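Asks: Here is how the chains run, residue by residue.
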Amino acid sequence: MVYLDNSATTKPWTEVLDTFYKAASSYYGNPSSLHHPGLEAETLMQKARESLASLLHTKPEELVYTSGGTESNNLAIKGIAMKHRDRGQHLVTSTVEHPSVKEAFLELESFGFDVTYVPVDARGRIDPEEVENAVREDTTLVSIIHVNNEIGTIQPIEEIGRRLARYPKLYFHTDHVQGAAHVPLDLSQSFVDLCTISGHKFHGLKGTGALYTKQGVYLSSLFHGGTQEQAARAGTENVPGIVAMSKALRMSREKQSDDKGRLSSLKEYLMERLQKIDGAIVNTPIYGSAPHIINVSFPEMKPEVLVQELTRHSIHVSTKSACSSKLQEPSAVIKAAGLGEKRAASAIRISFSFDTTQEEIDRLLAVLNSNVPEMQKVMGEKK
Amino acid sequence: MQKIYVDHAATTPVHPEAAEAVMDILQNNFGNPSSIHQHGRQARKQLDEAREKLASSIGAVPDEIILTSSGTEADNLAIVGYVHANKQKGNHIITTKVEHHAVLHTCEKLERDGFSVTYLPVDKDGRVNPEEVEASITDETTLITIMHGNNEVGTIQPVTAIAAIAHNYGIAFHTDAVQSYGLIDIDVKSIPVTMMTVSSHKINGPKGAALLYTEKGTKLTPSVTGGEQERKRRAGTENLPAVAGFAVAAVLAQKDMQNHYKLYGQLSEHFITSLTKNEVPFEVNGSNQNKLPHILNIFLPGIDVESSLVQLDMAGISASSGSACTAGSVEPSHVLQAMFHDDQRASSSIRFSFGLDNTFEDVEYIAKEIKRIMNR
Ligand SMILES: Cc1ncc(COP(=O)(O)O)c(C=O)c1O
Ligand SMILES: Cc1ncc(COP(=O)(O)O)c(C=O)c1O
Numbered sequence: 004m005v006y007l008d009n010s011a012t013t014k015p016w017t018e019v020l021d022t023f024y025k026a027a028s029s030y031y032g033n034p035s036s037l038h039h040p041g042l043e044a045e046t047l048m049q050k051a052r053e054s055l056a057s058l059l060h061t062k063p064e065e066l067v068y069t070s071g072g073t074e075s076n077n078l079a080i081k082g083i084a085m086k087h088r089d090r091g092q093h094l095v096t097s098t099v100e101h102p103s104v105k106e107a108f109l110e111l112e113s114f115g116f117d118v119t120y121v122p123v124d125a126r127g128r129i130d131p132e133e134v135e136n137a138v139r140e141d142t143t144l145v146s147i148i149h150v151n152n153e154i155g156t157i158q159p160i161e162e163i164g165r166r167l168a169r170y171p172k173l174y175f176h177t178d179h180v181q182g183a184a185h186v187p188l189d190l191s192q193s194f195v196d197l198c199t200i201s202g203h204k205f206h207g208l209k210g211t212g213a214l215y216t217k218q219g220v221y222l223s224s225l226f227h228g229g230t231q232e233q234a235a236r237a238g239t240e241n242v243p244g245i246v247a248m249s250k251a252l253r254m255s256r257e258k259q260s261d262d263k264g265r266l267s268s269l270k271e272y273l274m275e276r277l278q279k280i281d282g283a284i285v286n287t288p289i290y291g292s293a294p295h296i297i298n299v300s301f302p303e304m305k306p307e308v309l310v311q312e313l314t315r316h317s318i319h320v321s322t323k324s325a326c327s328s329k330l331q332e333p334s335a336v337i338k339a340a341g342l343g344e345k346r347a348a349s350a351i352r353i354s355f356s357f358d359t360t361q362e363e364i365d366r367l368l369a370v371l372n373s374n375v376p377e378m379q380k381v382m383g384e385k386k
Numbered sequence: 039m040q041k042i043y044v045d046h047a048a049t050t051p052v053h054p055e056a057a058e059a060v061m062d063i064l065q066n067n068f069g070n071p072s073s074i075h076q077h078g079r080q081a082r083k084q085l086d087e088a089r090e091k092l093a094s095s096i097g098a099v100p101d102e103i104i105l106t107s108s109g110t111e112a113d114n115l116a117i118v119g120y121v122h123a124n125k126q127k128g129n130h131i132i133t134t135k136v137e138h139h140a141v142l143h144t145c146e147k148l149e150r151d152g153f154s155v156t157y158l159p160v161d162k163d164g165r166v167n168p169e170e171v172e173a174s175i176t177d178e179t180t181l182i183t184i185m186h187g188n189n190e191v192g193t194i195q196p197v198t199a200i201a202a203i204a205h206n207y208g209i210a211f212h213t214d215a216v217q218s219y220g221l222i223d224i225d226v227k228s229i230p231v232t233m234m235t236v237s238s239h240k241i242n243g244p245k246g247a248a249l250l251y252t253e254k255g256t257k258l259t260p261s262v263t264g265g266e267q268e269r270k271r272r273a274g275t276e277n278l279p280a281v282a283g284f285a286v287a288a289v290l291a292q293k294d295m296q297n298h299y300k301l302y303g304q305l306s307e308h309f310i311t312s313l314t315k316n317e318v319p320f321e322v323n324g325s326n327q328n329k330l331p332h333i334l335n336i337f338l339p340g341i342d343v344e345s346s347l348v349q350l351d352m353a354g355i356s357a358s359s360g361s362a363c364t365a366g367s368v369e370p371s372h373v374l375q376a377m378f379h380d381d382q383r384a385s386s387s388i389r390f391s392f393g394l395d396n397t398f399e400d401v402e403y404i405a406k407e408i409k410r411i412m413n414r
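Quick note, the sequences are listed as chains A and B, same order.
Following my numbering from start to finish, the first sequence increments by one per residue and tops out at 386.
Following my numbering from start to finish, the second sequence increments by one per residue and tops out at 414.
Just so you know, these hints were derived from the structure itself, not from any lab.
Check the hints yourself; a few may be wrong.
Stated by the list, open to error - Taking lysine to any residue pairs in the SDA-like style, the calculated list, with each CA pair at most 20 Å apart, reads:
| # | chain 1 | residue 1 | chain 2 | residue 2 |
| --- | --- | --- | --- | --- |
| 1 | A | 305 | A | 290 |
| 2 | B | 270 | A | 284 |
| 3 | A | 86 | B | 122 |
| 4 | A | 14 | B | 122 |
As the list claims (entries may be wrong) - Derived Cβ-Cβ restraints for the label pairs, each shown as a range:
| # | chain 1 | residue 1 | chain 2 | residue 2 | range |
| --- | --- | --- | --- | --- | --- |
| 5 | B | 173 | A | 141 | 43 to 53 Å |
| 6 | A | 358 | B | 300 | 43 to 53 Å |
| 7 | A | 139 | B | 266 | 51 to 61 Å |
| 8 | A | 141 | B | 97 | 42 to 52 Å |
| 9 | A | 117 | B | 208 | 54 to 64 Å |
| 10 | A | 358 | B | 266 | 24 to 34 Å |
| 11 | A | 18 | B | 222 | 35 to 45 Å |
| 12 | A | 139 | B | 123 | 25 to 35 Å |
Claimed, not checked - Every beta carbon over 10 Å from chain B, so not counted as near; a handful from chain A, in silico:
| # | residue |
| --- | --- |
| 13 | 90 |
| 14 | 110 |
| 15 | 244 |
| 16 | 264 |
| 17 | 345 |
These numbers come from a predicted model, not from an experiment.
Just so it is clear, CB atoms sit at the ideal spot from N, CA and C, and this is done for glycine as well.
Could you put together the complete structure from these sequences and hints?
Replies: Given below as structure tokens:
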């Protein structure tokens with residue numbers, strides 16, 4: 004089995020599962036409870052928070068645990084927009100955001116907010132200057148994705164952050180879900196006020212995530228109730244999941260430093276060979292992209308058919324982001340990069356994990372090389 | 039030292055079978071249910087099965103179940119989501135003074151956003167009067183949210199009567215059944231509830247999963263937007279392992295409901311008998327007839343709840359002063375306040391809540407320890 008859909012979700016590592024199991028069976032107390040089981044759970048959670056904070060270069064109290072990337076993005080965007088509504092109703096984002104960001108902005112528009120969508124170039128990249136130019140007197144929030152989940156383009160977050168730092172009245176959020184393991188940001192150096200991560204994208208568990216909220220940044224919460232997470236996020240904390248997330252990020256960082264560019268070379272290797280397949284066009288830019296995401300279009304084919312064919316060979320890739328892959332709509336990201344409707348409607352995404360091997364990539368290439376020409380012919384005839 | 043956990047209303051240990059279900063999925067099926075390849079499809083199938091089990095445990099159909107990350111989130115989604123989606127019909131909400139903070143603080147937030155909220159009082163048993171519910175309905179009322187069983191004193195509200203009133207007036211009715219589910223059989227088709235909250239970690243399931251039952255046709259504005267999961271009512275990659283564990287816990291809870299109901303009731307009674315035997319002066323906070331069997335809140339005149347809890351803890355007994363999310367604060371319980379209007383009573387009461395593994399010896403031991411503490 005060759006699993007190459009690690010941008011959709013990753014397999015939890017065994018060590019992470021052990022940590023999870025131990026926490027779930029031995030530390031079942033409610034961390035808000037005052038008795039021993041409660042305090043033990045709280046201590047464990049606090050240790051996990053410190054560990055996560057040291058990996059992200061934040062203070063422990065700057066991390067708000069959530070149920071995942073979607074919730075973190077919603078909390079950051081709606082939370083800042085609503086909290087600072089009296090000061091301004093203008094927001095800035097890009098045209099290549101994940102649906103959890105895009106939909107949050109669409110909802111805010113329906114509440115009367117004014118949103119500027121900064122475009123990208125053919126590599127899917129944003130020009131920091133354009134972000135700065137979009138800023139107005141009444142802008143309260145800028146939210147820009149770090150690593151694009153469909154094509155892997157890395158946005159110049161530090162540079163955008165540095166420019167935005169000149170406007171102390173606005174907040175800068177980045178969706179770091181796809182970058183956290185492979186292109187880590189140092190949050191003490193990134194001029195970012197809010198940052199989203201999601202545990203199941205780096206071999207942690209589903210239902211776990213965090214929002215970095217820089218000290219002194221206040222937001223309206225999505226859920227009201229208890230005073231957990233410094234009242235930013237009510238609800239009993241998922242302690243075992245939280246502990247597992249810290250473990251998973253720590254292991255990711257270790258693997259990343261051991262990897263020494265292996266994945267990047269593997270990506271280049273794959274991209275080169277994909278380009279040689281007749282009828283394939285690689286959408287991921289060779290430079291300025293993450294080492295784990297490769298997006299390629301086969302304009303003469305239906306991408307779902309290719310995904311199914313690969314699945315038959317036990318190779319698992321996807322059409323685009325998982326939460327929208329059911330919809331047979333063309334990729335909004337590829338369209339935004341100006342690469343055309345046809346490419347947008349025929350893209351597949353291949354995404355690696357630290358455990359992906361050269362052998363697996365060769366198997367993928369072998370199946371593509373032997374099947375694509377035939378499939379293209381059949382589909383061409385049907386037209 | 040003895041280790042006696044009698045704070046099951048705060049959270050519960052995960053049942054080994056539920057833990058097994060969680061681990062099984064974590065190890066064998068990590069797919070994203072929205073992916074179209076084989077891993078995704080298998081995950082989708084398991085998600086559907088879990089949803090089906092959860093739905094049938096309350097007499098609902100799978101499409102009526104929205105999976106969330108916690109009971110708090112489900113309460114918020116029900117209340118905020120409903121009143122926003124139905125704003126054109128009115129802006130008035132009816133609730134009670136004894137709700138969990140997930141409901142109360144949400145209503146307070148809505149007041150700040152321009153909605154008007156009636157917080158109904160309760161009697162000494164902690165019960166709201168259905169007639170008062172009816173009397174407080176106005177042309178503007180769109181939602182009544184009243185909990186099923188109270189988490190601090192265990193009082194069960196007259197939800198059947200309230201649901202009927204709401205139904206007659208065409209008003210939506212949400213009930214927080216976080217504490218009742220698993221001990222009281224609730225069939226959403228025989229009581230006309232519009233929405234209902236259930237949380238996994240209170241029924242020996244894992245943390246990180248909960249559900250909101252939402253009657254077909256109910257309009258809700260989602261609080262978390264993004265992907266198309268949960269029929270667009272709750273975006274975010276589904277937490278399949280936790281949901282699968284939740285479903286196993288739910289099935290077990292259904293299966294053992296009668297036994298648990300009886301056992302916890304007997305533990306409560308035996309506890310009361312033991313306190314009497316030890317000549318401990320006490321009064322029970324809550325209702326005699328309309329009560330959840332696993333929650334016993336007792337007033338121990340003269341004690342200071344904080345220090346008593348510490349002493350109990352040192353004796354290996356984990357209990358609490360009320361809901362866990364308020365346990366950290368020194369404010370007296372809003373539930374006891376609403377019942378007795380008495381600060382003293384509110385700060386001299388302890389909640390014991392029973393669950394798997396508690397025994398008659400446990401409660402005898404607790405009664406003796408209370409006696410010791412009170413004699414100091
Ligand atoms: C860039 C990006 N942001 C946010 C999310 C949402 O995260 P989650 O699945 O944890 O809700 C994803 C994954 O789906 C993503 O790729
Ligand atoms: C009655 C009641 N409602 C809601 C909740 C909140 O549920 P959760 O802890 O899953 O957020 C609780 C528990 O804290 C509760 O007892």
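Asks: State for each hint whether it applies.
Replies: Hints, one by one, checked against the model:
Proximity of residue 305 (chain A) to residue 290 (chain A) is assessed by CA-CA distance (about 28 Å); at most 20 Å being required, the pair is judged violated. A hinted pair counts as satisfied when its Cα atoms are at most 20 Å apart, and residue 270 (chain B) with residue 284 (chain A) does not qualify at roughly 33 Å. For the hint pairing residue 86 (chain A) with residue 122 (chain B), the CA-to-CA distance comes to about 18 Å; that is within 20 Å, so the pair holds. Note on residue 14 (chain A) and residue 122 (chain B): the hinted pairing is violated, with a Cα-Cα distance of about 38 Å set against a maximum of 20 Å.
The hinted range of 43 to 53 Å is satisfied by residue 173 (chain B) and residue 141 (chain A), whose Cβ atoms lie roughly 46 Å apart. A hinted range of 43 to 53 Å holds for the C-beta pair residue 358 (chain A) and residue 300 (chain B), which are about 51 Å apart. Take residue 139 (chain A) and residue 266 (chain B): their Cβ atoms lie about 33 Å apart, and the range 51 to 61 Å is violated. Between residue 141 (chain A) and residue 97 (chain B) the CB atoms are about 51 Å apart, so this pair conforms to the stated range of 42 to 52 Å.
Checking the proposed 54 to 64 Å range against residue 117 (chain A) and residue 208 (chain B) shows it is violated: the Cβ atoms sit about 37 Å from each other. Distance hint check: the CB atoms of residue 358 (chain A) and residue 266 (chain B) are about 29 Å apart, consistent with the given range 24 to 34 Å. Look at residue 18 (chain A) against residue 222 (chain B): about 41 Å separates their beta carbons, and that is inside 35 to 45 Å. Distance hint check: the CB atoms of residue 139 (chain A) and residue 123 (chain B) are about 31 Å apart, consistent with the given range 25 to 35 Å.
Taking the minimum C-beta to C-beta distance to chain B, about 17 Å, the non-interface status of residue 90 (chain A) holds against the 10 Å cut. With a closest Cβ-Cβ approach of about 6 Å to chain B, residue 110 (chain A) is found to fall inside the 10 Å limit, against its non-interface label. Against chain B, the non-interface label of residue 244 (chain A) is violated: not every CB pair exceeds 10 Å, the least being about 5 Å. At roughly 27 Å, the least C-beta separation between residue 264 (chain A) and chain B is larger than 10 Å, which holds for a residue marked as non-interface.
For residue 345 (chain A), the non-interface assignment is confirmed: its Cβ lies about 21 Å from the closest Cβ of chain B, beyond the 10 Å cut-off.
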